[in-house]
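Number of protein chains: 2
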Amino acid sequence: MARLFALVKKFFKKSADKEKDSQLVESIEQITGSSPKNLNLYKLALMHTSAARGVSTDGFRESNERLEYLGDAILGAVIADYLFKKFPYKGEGFLTEIRSRIVNRESLNNLAKKIGLQKLIIHDGHRRTMYTHKSMGGDALEALVGAVYLDRGFKHSRKFIIKRLITPHFDLEKIIETNLNFKSIMIEWAQRESKQLRFDIVEERGDTHNKEFVARVVIDNEAFASGSGYSKKKAEQAAAEKACELLKLK
Amino acid sequence: MARLFALVKKFFKKSADKEKDSQLVESIEQITGSSPKNLNLYKLALMHTSAARGVSTDGFRESNERLEYLGDAILGAVIADYLFKKFPYKGEGFLTEIRSRIVNRESLNNLAKKIGLQKLIIHDGHRRTMYTHKSMGGDALEALVGAVYLDRGFKHSRKFIIKRLITPHFDLEKIIETNLNFKSIMIEWAQRESKQLRFDIVEERGDTHNKEFVARVVIDNEAFASGSGYSKKKAEQAAAEKACELLKLK
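Protein chains in written order, with my numbering: chain X, 1 to 250; chain A, 1001 to 1250.
It is worth saying that the hints were derived from the structure and are not from the lab. Errors might be hidden in some of the hints.
To be verified - Computed cross-link-like contacts, DSBU-like style, restricted to lysine-lysine with a CA-CA straight-line distance of at most 30 Å:
1) 85(X) x 1018(A)
2) 1113(A) x 119(X)
3) 90(X) x 1119(A)
4) 1090(A) x 37(X)
5) 134(X) x 119(X)
6) 1037(A) x 195(X)
7) 1085(A) x 1113(A)
8) 1037(A) x 155(X)
9) 1232(A) x 1242(A)
10) 1195(A) x 195(X)
11) 119(X) x 9(X)
12) 43(X) x 1085(A)
With the rest of the complex left out, here is chain X (with noise of 0.2 Å):
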């Protein structure tokens, strides 16, 4: 009799299994666009640490890290010869800055929960990882590109991003119109190109409700531009302006 039981409640249990794996093939399918071949990838994708944590045997965590890795690597391909072949005229400055407006982690957390993968994430259910991971929709965003890349290839994985993450859910032109961050382009070129970089505040004019600001970028400790603002941060996104133009990465 315990038998039979035994056997009825691995039936029922199989069968809920069943029904919640089609439950997910179909928001797979909602959320890519397409039906996935290789369903235990997705579940991987969505598989937070906080609940991967213990399961491992043999000290190999069965998380979604690595396909995070996998997927960051992919979405960043796929979004630069996007913003490449869209901007022809366009210097690699603007490009990465471009690209890394999309890719960053906010607006990945954002798009994770617009797309409704949020809340398809496994974790270990306390209130606290919500607000100690604030990364995890991001993440398990990269970790489903990763997915769809290992699943179906690189053009089904192209296509995803760009017909259901980037097309609908970005206006390029927006942000572009937002003011281009010259000091974060400066501070990569010099990271790139080896450079020593500094911004200094050599001046202050104006009395105490009225002050201006002069900033100047040091090259390898020598002046190279300078610029002004009605605050230190106006004043250096000035200064790293200028010194752009100067090196064309404008």
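Knowing the structure of chain X, use the given hints to seat chain A on it.
Then chain A, alone, in the frame of chain X:
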């Protein structure tokens, strides 16, 4: 007569250009393993900024910088995929570190020399340029990857990267044996997770000739892990390694 002379000159110039082009095609074939469809892409990949300056008429510099931006992303994605599959039991910290050891500037510059790309680069001819643009080779290599990608697609560029660049020129075992840079793994992690990270030297033991240092990893102003060593750098590495273990980034 003058007209005939101009025609003859034009003919010889054309035939010299043709000869040059067929030499370039051969070199590209030797390097990438396949013949270019659109040679102009490869010419652009070899065009250093110093040679491109002043060529443009509309403010758009026709140099290899845009292709470099694209190729950098494609290279990153292909190597991410390659390492992901090659090391199925390694965490993302390991994969990220190994990838950065392969695609760092120095490594790509060396590779550009090894495969004979360096000497194909078109620059302004000044000797100074060779010294002031140390990463010219690596930049051109990335641009070449971008050209192959645009010319022949993702699969082809993957084949080029793995069969022609990684497999013959990188000894993965050796790269892995070199101690992992745990400090940089920690820095990347902190950026990703938006944590404040600091390394403090909290103790110096022993006399001048045999000094031991104790370093502490501080995350969001809280002591997280510590380690010791016979130089500040080694102590920081030891502390970072400990922190990586605790965070399961190792």
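Determine which of the earlier numbered hints do not hold for this structure and return their numbers in increasing order.
2, 6
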